[in-house]
Amino acid sequence: MSLMTEIAILVLAAFVGFEVISKVPTTLHTPLMSQTNAIHGIVMLGGLIVLGYANDPLEYVIGTIAVTFGAINIVGGFMVTDRMLGMFSKKPKPKAQDK
Amino acid sequence: MTLLAVLKPGGEAATALYIVAFSLFIIGLKRGTHPTTAKQGNMVAAVGMAVAVATTLLLDGMGNWGLIIIGLGVGSAIGFVASVRVQMTEMPQMVALYNGVGGGAVALIAWSELRHGISSGVDIPLQELIPTLLAAVVGSVSFWGSNIAFAKLQDLIPTKPLAVPGQQVINVVLLVGIFAACVDLTINNGDPSQALFIGILIAAALLGNLVVLPIGGADMPVVISLLNAFTGLSAAAAGFALDNVALIVAGTIVGSSGTILTMEMATAMNRSVGNVLFAGFGGAPAATAGSTEQRPYVSITAQDAAIKLAYADTVVIVPGYGLAVAQAQHAIKEVANELEKRGITVSYAIHPVAGRMPGHMNVLLAEADVPYEQLREMEEINPEMPRTDVAVVVGANDVTNPAAKNDPDSPIAGMPIIEVDQAQQVIVIKRSMSPGFAGIDNDLFYEPNTSMLFGDAKKAAADIAAEIQNL
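Going down the list, the sequences are from chains A and B. Numbering follows our numbering, in which position 91 of the first sequence is assigned residue number 91; successive positions increment by one, without gaps. Counting the second sequence from 1 gives a position; our numbering is that position plus 99.
Chain B with its partners taken away, still in its complex shape:
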């Protein structure tokens, strides 16, 4: 029952259309790298995807239309509703989730391909079998790893590094086991054991869980980006198995561009990708110095904060993930408006990984109509810190921790920070004294020129704005 059998699989017409599709992906990505053309670039890539999907639906011999329509319909509906509903703050975990389902699809496709190979009754050619196995392993790791990343960012499981005893040994055993099983299937390519293949999928799933679980929340963006690149590569592997040029090209481009993005993110946090992963592979996270003793800090009210701000000349706002969670971007913009009315210079210092992904904070502040020119990057603003009267840290923690510079033993040692400790005065708006994402105490809070304003970022900012008006 073929409805639209027009194109021969692997034929010239189908291939030509696939070439059109991946050209559009490349153009789309290129445009995606410039602020003015990015939105249009995304559309171009989406059109490319439509061409690729349409081409595939027109292939000769395609059947099971009922199921195809169900899959397309249900999947599109879920994707549509999820992306309309998601809050801008939840973007990183959304990307993790979409990435996960992509990896899951690859693993399932690989399984199905293997079953086809087995039922064909002849030896499965190695150039088909090896990519199938690769796709299965990487796809499964990516699916489960991404789900764990999602669960961590969504606070479904603790964001702190979770160490499993004997972690390193288990990982090595799993890797060796997966490799051995793949070799076995490759040797017995006349009649590969499907049970063993399922065993590989499960072992890879365990590996995905075990590799991501011990990674702390602060490193999650790097992990998601890396898994994104992995999924791309697994798609390319599936392309080899299915002899499909669109999958090979698009998957590879995602793999390589994803790798670049991952390295850029890791650099921004002064960590190497290996560093992030191997922290997860073994090396128990250094016990957070047992400083349970209470240190003195200064707590102030919104009114005090308003006075400090209103009599400053230059104010730098340092937004962090807490601002995002509290949806305080509009309220903080209101504070900035009040200050500007008084002729005070206001700018925003954006740490490269503020929020939970590079560029995440820019998206959030743009949502609140903060002018682009007021957003200053870390390298640009740090030299101006000593001349800044008041630095307001809103829901940011680790990215302002002077321990990154001063304490070589700190888990975040060497991470570039926004040097608010250099400013004349610092106001930290925060829910409590609890540690941040990296799970460590922040020395900044105990500095003599730091005042803590406890409370929900949105409410605190609204209170400050109101108090400034009353002055």
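The shape of chain A in the complex, shown without the other chains:
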């Protein structure tokens, strides 16, 4: 891909990000932040590519750590977001687990 095409994509993506997020009820700020946090786990792709084509010991180490970090970011990010949002959708049932 040419550099200019990539820059065009970047600019458009930036506007999409601005548009998509505007006007969010405060209630959803934390879950949404957590969701965007999970999405930047996309860096794991970079880790996979780097590791997948690595050919010396140091790069094996760097790549494996990068993939591990990325996987923590993705799995943890999406699961935590799901847990938070689960709190909202729960139908009011009598007395949760009061002690």
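Don't read these hints as lab results, they were simulated from the structure. Treat the hints loosely; a few may be bogus.
If you anchor each label on the Cβ, the simulated ranges turn out as follows [unchecked claim]:
{"#": "1", "chain 1": "B", "residue 1": "S398", "chain 2": "A", "residue 2": "E19", "range": "32 to 40 Å"}
{"#": "2", "chain 1": "A", "residue 1": "S22", "chain 2": "B", "residue 2": "Q139", "range": "19 to 27 Å"}
{"#": "3", "chain 1": "A", "residue 1": "M4", "chain 2": "B", "residue 2": "Q267", "range": "37 to 45 Å"}
{"#": "4", "chain 1": "B", "residue 1": "Y471", "chain 2": "A", "residue 2": "Y60", "range": "47 to 55 Å"}
Just so you know, even glycine gets a beta-carbon here, dropped at the ideal spot from N, CA and C.
Once you've looked at the hints, dock chain B against the given chain A.
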């Protein structure tokens, strides 16, 4: 040893699948902005991530499967266990931690990319080298900054602003040094020095530490959100270096949406993002007025509190982080139930940054099955405060401090507060008279119509509920 070599890197099939993936991210985020569709939106984004990961695993020429499986397995296991175990109250630091590892991954990828470039033996094209350097710097700052944020929120290090002598000078020297080193590497793109690159990573790490350390705990949500946006941008930079469209789009969207969220949070606290950061960059935090003299306050028991509450008509509960820490949301719901049985109107006043992040308190109260309609936002409840009989402040401090309105010299001057001082009576449930997150004294506690009920929020609330029953 290629197992699944199906897709050509940068080929049409791979790109098409990446387009599917980032479309799903956008749809997921859009749904994430509405209460009814948010959970589903998160799933949609997760499916997009699965598509993106699967596509990458299918790329032609991928090897080292053993290590890939180890990385994926270990990382997923850690992420899974951590997110199942984490308490709802610890959510903010969890986000900080996940954000940090993302930034760390970017910095490592950048390092590896540079090594590839060096070993290729030809000049590294600048359109690859510059984003690599950018990714390295931002990724490293984000990794270390997030770890400090995590440590502060987890109380591993003091939440108070920590000033390092000569802070401002050191930061500027580090920034200039990083910039100079990047320029050097760019000029010598035929054979860039790897040692210098590692020096950049270390300098950026120091910078990440130094920028976040002096920031007080109260500003931490803004910092985490900002670092979240940074990590997104560094991912986009890595996308340029690797020529990967999925990274560019997803990283940029996180960068821009993260910036919006950061500004919304800062606005809620009546601070500008620059304000938060520059407090950290230099300007020693204003010495907290040396008022060490004892001022009189009224201390009451749970029974007194129960009587005050039981004979009120309207009660407003102001929950804060202390409620979250004490896991008192269920106990306080119990108090509300008792009051409602007596026909008293109960509502909850939610400060935009109650807890430690916007929306954090709503998550906690939803966990305790507090009806959505009883949660009232600050702007909505403040005009009703003068007509409120009793305001109960549970583990909240700075967000109720009238100094924010009355004292222009206060460190929190101008921060919007819940005006409990306007209510007829105020009961503050708190462990001790110690100052809150911002590290300053709260004038509210010394008001004549304020009574202090000392103790653990959960136990105190349970005691009040029991006393009301006995009345």
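Query raised in the report: So does M4 (chain A) sit 37 to 45 Å from Q267 (chain B), Cβ to Cβ?
Result: 39 Å, holds
Report task. Could you tell me whether the CB distance from S398 (chain B) to E19 (chain A) stays inside 32 to 40 Å? Result -> For S398 (chain B) and E19 (chain A) the Cβ distance comes to about 53 Å; the hint is violated.
Query raised in the report: Do the beta carbons of Y471 (chain B) and Y60 (chain A) sit within 47 to 55 Å of each other?
Result: 51 Å, holds
Report task. May I ask you to test the hint 19 to 27 Å on the CB atoms belonging to S22 (chain A) and Q139 (chain B)? Result -> 20 Å, holds
Hint compliance for this structure: hint 1 is the single one not met.
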